[in-house]
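Asker: So the protein lines, in turn, are chains A and B. Counted the way the working numbering counts, the first sequence spans residues 1 to 107. Counted the way the working numbering counts, the second sequence spans residues 1 to 116.
Be careful, since some hints might not be right.
Said to hold, decoys possible - Covered, in the sense of this in silico footprint (three residues per stretch, anywhere, with C-beta under 8 Å from a C-beta of chain A), are these stretches of chain B:
id	segment
1	20-33
2	104-116
What the hints assert, rightly or not - 27 Å max Cα-Cα, derived DSSO-like pairs, lysine-lysine:
id	chain 1	residue 1	chain 2	residue 2
3	A	36	A	70
4	B	78	B	11
5	B	84	B	14
6	A	36	A	57
7	B	57	A	36
8	B	57	A	70
9	A	36	B	14
Derived from the structure by calculation, the hints contain no laboratory data. Backbone N, C-alpha and C fix where the C-beta goes; we use that ideal spot for every residue, glycine too.
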Amino acid sequence: GQQVMQIPQYQHVQEGEDFTTYCNSSTTLSNIQWYKQRPGGHPVFLIQLVKSGEVKKQKRLTFQFGEAKKNSSLHITATQTTDVGTYFCKRSYIPTFGRGTSLIVHP
Amino acid sequence: GAGVSQSPRYKVAKRGQDVALRCDPISGHVSLFWYQQALGQGPEFLTYFQNEAQLDKSGLPSDRFFAERPEGSVSTLKIQRTQKEDSAVYLCASSSATSGRAYEQYFGPGTRLTVT
């Protein structure tokens, strides 16, 4: 099937370091969504990117959509312990989540 | 207002039993989705409703899985003759848009199903 690949699977950082997760699709995406799931919780919507080359920021989070609309990234600047969780990218048609990147922040 | 609710939160079933999982979406949300999430994996799409119409059931893994939303609100996911590989968290999500797949989805807390 049409997959959404996400790397890395895990990322350990010291508090204050930056973090990036990458999402890749073999086919062109109409849009890409990002969700965060805290341990023991449910996915929570963060953002949706639609336009080629789009960049959106939410405080310390920066989301990018590639020019070819086949890849996306989420970058967190100066991580905090509250950033701990698994970050998923998701395509809309057919709804497909990446495997997720689990962020572990060491204080 | 209230978010998406699911019941039961936990369910233990013996292999071969039938189970029914309930989802109450956010009031007025047109679109409803079911996902299956295995440990350490991303949610996997099962099925999608727009109001009472089941528009996509391509993700249902077998004919033992059946979902309905008869009045366009509450939805039930039924699994017949449960197998151990059905053990997972079942997530329900709803969206306000008629073209619901491309919009923000609000997730419920999930039902953790364990088949023994």
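Asker: Given the hint that residue 57 of chain B pairs with residue 70 of chain A, does the C-alpha gap stay at or below 27 Å?
Answerer: Given pair residue 57 of chain B, residue 70 of chain A holds - Cα atoms ~25 Å apart, limit 27 Å.
Asker: For the pair supplied as a hint, residue 36 of chain A and residue 14 of chain B, is the alpha-carbon distance within the 27 Å limit?
Answerer: Answer violated: residue 36 of chain A to residue 14 of chain B is near 32 Å, above 27 Å.
Asker: Quick check: do three or more residues in the segment 104-116 of chain B have a beta carbon closer than 8 Å to a beta carbon of chain A?
Answerer: holds (count 7)
Asker: Given the hinted pair residue 84 of chain B and residue 14 of chain B, is their Cα-Cα distance within 27 Å?
Answerer: Within the cut-off at roughly 9 Å; holds.
Asker: Can you take a look at whether the segment 20-33 of chain B is actually covered by chain A? Rule is 3+ residues, C-beta closer than 8 Å.
Answerer: violated (count 1)
Asker: Tell me if the straight-line CA distance from residue 36 of chain A to residue 57 of chain A falls inside 27 Å.
Answerer: 15 Å, holds
Asker: For residue 78 of chain B and residue 11 of chain B, compute the direct alpha-carbon distance and say whether it is at most 27 Å.
Answerer: 13 Å, holds
Asker: Between residue 36 of chain A and residue 70 of chain A, does the CA-CA distance stay at or below 27 Å?
Answerer: 21 Å, holds
Asker: Assess, step by step, whether the Cα of residue 57 of chain B is no farther than 27 Å from the Cα of residue 36 of chain A, and give holds or violated.
Answerer: 25 Å, holds
Of the numbered hints stated above, those contradicted by the structure are hints 1, 9, listed in ascending order.
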